[in-house]
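From just these sequences and the hints, can you work out the full model?
Listed in order, the protein sequences are those of chains P and B.
Numbering of the first sequence is given in our numbering, commencing with residue 85 and proceeding in unit increments.
Numbering of the second sequence is given in our numbering, commencing with residue 85 and proceeding in unit increments.
Treat the hints with care, since some could be wrong.
Sample of chain P residues facing chain B (criterion: CB under 10 Å; computed from the structure) [to be verified]:
1. V105
2. S195
3. A276
4. G280
5. E288
6. G332
Simulated from the structure, these hints should not be mistaken for lab results.
Beta carbons are placed, not taken as given, at the ideal position from N, Cα and C, and that holds for glycine.
Number of protein chains: 2
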Amino acid sequence: MTRIGFIGLGSMGLPMAANLVAAGFDVRGFDMRPAAMDALGAAGGEGAGSAADAAADADALMLMVVNAAQARAALIQGGSLAALPKAAVVVLMATCPPAAAAALGAEVTASGRRFVDAPVSGGVVGARSASLTIMAAAPKADYDAVAPALAAMGSKVFHVGETPGQGATVKALNQLLCGVHLAAAAEALSLAKAMGVAPAVALEILGGSAAASWMLRDRGPRMLEDAPEVTSAVDIFVKDLGIVLEAGRDARAALPLAALAHQMFLSASGRGAGDRDDSQVIQSYDLLNRRN
Amino acid sequence: MTRIGFIGLGSMGLPMAANLVAAGFDVRGFDMRPAAMDALGAAGGEGAGSAADAAADADALMLMVVNAAQARAALIQGGSLAALPKAAVVVLMATCPPAAAAALGAEVTASGRRFVDAPVSGGVVGARSASLTIMAAAPKADYDAVAPALAAMGSKVFHVGETPGQGATVKALNQLLCGVHLAAAAEALSLAKAMGVAPAVALEILGGSAAASWMLRDRGPRMLEDAPEVTSAVDIFVKDLGIVLEAGRDARAALPLAALAHQMFLSASGRGAGDRDDSQVIQSYDLLNRRN
Chain P
85 MTRIGFIGLG SMGLPMAANL VAAGFDVRGF DMRPAAMDAL GAAGGEGAGS AADAAADADA
145 LMLMVVNAAQ ARAALIQGGS LAALPKAAVV VLMATCPPAA AAALGAEVTA SGRRFVDAPV
205 SGGVVGARSA SLTIMAAAPK ADYDAVAPAL AAMGSKVFHV GETPGQGATV KALNQLLCGV
265 HLAAAAEALS LAKAMGVAPA VALEILGGSA AASWMLRDRG PRMLEDAPEV TSAVDIFVKD
325 LGIVLEAGRD ARAALPLAAL AHQMFLSASG RGAGDRDDSQ VIQSYDLLNR RN
Chain B
85 MTRIGFIGLG SMGLPMAANL VAAGFDVRGF DMRPAAMDAL GAAGGEGAGS AADAAADADA
145 LMLMVVNAAQ ARAALIQGGS LAALPKAAVV VLMATCPPAA AAALGAEVTA SGRRFVDAPV
205 SGGVVGARSA SLTIMAAAPK ADYDAVAPAL AAMGSKVFHV GETPGQGATV KALNQLLCGV
265 HLAAAAEALS LAKAMGVAPA VALEILGGSA AASWMLRDRG PRMLEDAPEV TSAVDIFVKD
325 LGIVLEAGRD ARAALPLAAL AHQMFLSASG RGAGDRDDSQ VIQSYDLLNR RN
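As structure tokens, then:
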């Protein structure tokens with residue numbers, strides 16, 4: 085497996101495709117923005133004229149688009165599934181609701197191609213440094229076929245199950261915890277400010293105690309800045325916690341903490357902060373308690 | 085400062101007092117249970133006949149009782165404040181609402197003694213290994229006076245502010261995050277079970293990703309057991325999240341995630357699981373979604 089088609093060369097997809105090139109794969113990528121394909125070319129890959137063109141002759145087709153609708157559009161309307169050789173594997177890496185990933189998998193396998201549901205965690209930093217966590221679900225043989233390519237993009241690659249949709253489920257669990265931890269850090273640090281405790285002191289203590297979370301340590305310092313660098317936007321969590329709640333709805337499972345955290349991100353997005361760093365969800369608390 | 089009175093020799097207080105003895109302090113302790121004083125004696129300390137007896141001639145009086153009401157009872161009704169030398173320092177180490185810690189501090193300083201608000205985090209494990217996190221608030225000179233004794237009980241000792249109540253505030257922030265993280269881990273792992281993903285696999289992935297929290301790694305494995313060892317009980321979080329919400333109420337600050345997490349622990353306690361390991365809050369989710 086050496087020739088890879090790659091659809092979706094955004095802030096995540098471009099460095100992931102470049103890491104495949106660096107690992108020796110022959111990568112032909114497509115994106116709606118010509119500049120993204122130029123950047124792939126500069127990294128040693130090749131730009132494609134269309135989604136179908138990226139898929140022609142590929143052994144595997146990676147999809148790193150924004151959502152399940154875009155993935156389906158690239159496969160069906162964009163013609164990449166029809167253009168893909170019958171022996172090839174479609175690898176869905178975008179964050180999608182589990183039911184949508186499973187449905188897309190059914191369409192792909194009905195066409196005779198194989199399908200791996202393999203969403204990622206780790207953000208732009210992980211994409212650039214090839215240290216993504218990848219949660220792949222597929223029959224073992226299909227997973228094995230693409231495992232070397234996955235290993236070129238991530239340092240923690242897991243085969244989480246045999247059934248497409250299970251990768252998306254683990255990704256949803258991941259986003260549930262990330263989103264709740266982020267909102268909880270904001271709730272605590274906003275309270276620290278309200279009660280007259282220096283939030284930087286609180287952050288140092290909490291980050292080294294049983295109260296610690298990855299999100300608290302990573303986003304906490306940026307919560308104390310007025311206009312921090314955007315490493316991941318508020319609207320990403322509006323989307324991803326929405327997927328979590330959709331997964332819960334489909335499974336008929338109440339997820340009260342995730343639902344509440346979603347409201348705090350929606351509040352931030354609703355006042356126009358959707359493109360700000362997700363640490364700024366703290367302002368939802370500052371405003372809730374009128375201390376902004 | 086060499087002579088220390090210690091009131092409250094429970095699962096936390098006894099090993100803390102023993103660590104003071106091990107560090108060379110002369111410790112006289114009091115507890116309602118004679119067996120606890122025998123254990124202190126075996127560790128090289130001395131049992132007192134009453135709270136007042138523990139305070140007489142002491143340079144510092146540590147209070148590691150269950151709550152603010154017990155601390156006040158030991159100081160006032162128990163006569164230990166009146167028995168304490170005027171130059172001594174009262175150190176409140178129990179988890180109390182910030183306003184209650186501040187009020188107790190005002191009573192102590194009105195009597196002419198000094199007061200340090202110094203709650204701890206780290207549980208029985210931290211108490212035994214002298215690795216507690218201690219969050220002390222007091223005028224700097226008073227903090228400095230007891231710092232060597234605090235260092236005998238904790239490995240991370242912080243002077244968080246000059247005003248009694250600020251230590252209790254940081255402890256409340258700590259418990260807010262611990263309680264929410266614990267409930268969030270339960271929400272995620274219960275969903276994993278509901279959606280057919282092996283929770284042990286999910287736990288391995290989530291514990292090494294941006295979804296990680298100290299609580300997920302520590303309590304997650306016990307959430308997958310039916311009757312795990314009790315390291316900290318459900319009712320401790322019923323109490324501590326109650327203190328968090330009382331702090332929020334006094335500060336007129338809405339704390340929606342903490343309030344919701346509290347409900348999940350109350351649900352567990354209400355069905356008779358209050359003395360079970362706090363990881364069993366997962367059953368509140370299993371039952372909420374009828375999968376128990």
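Outcome of the hint check:
no.: 1; hint: V105; verdict: 25 Å, violated
no.: 2; hint: S195; verdict: 25 Å, violated
no.: 3; hint: A276; verdict: 6 Å, holds
no.: 4; hint: G280; verdict: 7 Å, holds
no.: 5; hint: E288; verdict: 8 Å, holds
no.: 6; hint: G332; verdict: 7 Å, holds
The structure shown violates the earlier hints numbered 1 and 2.
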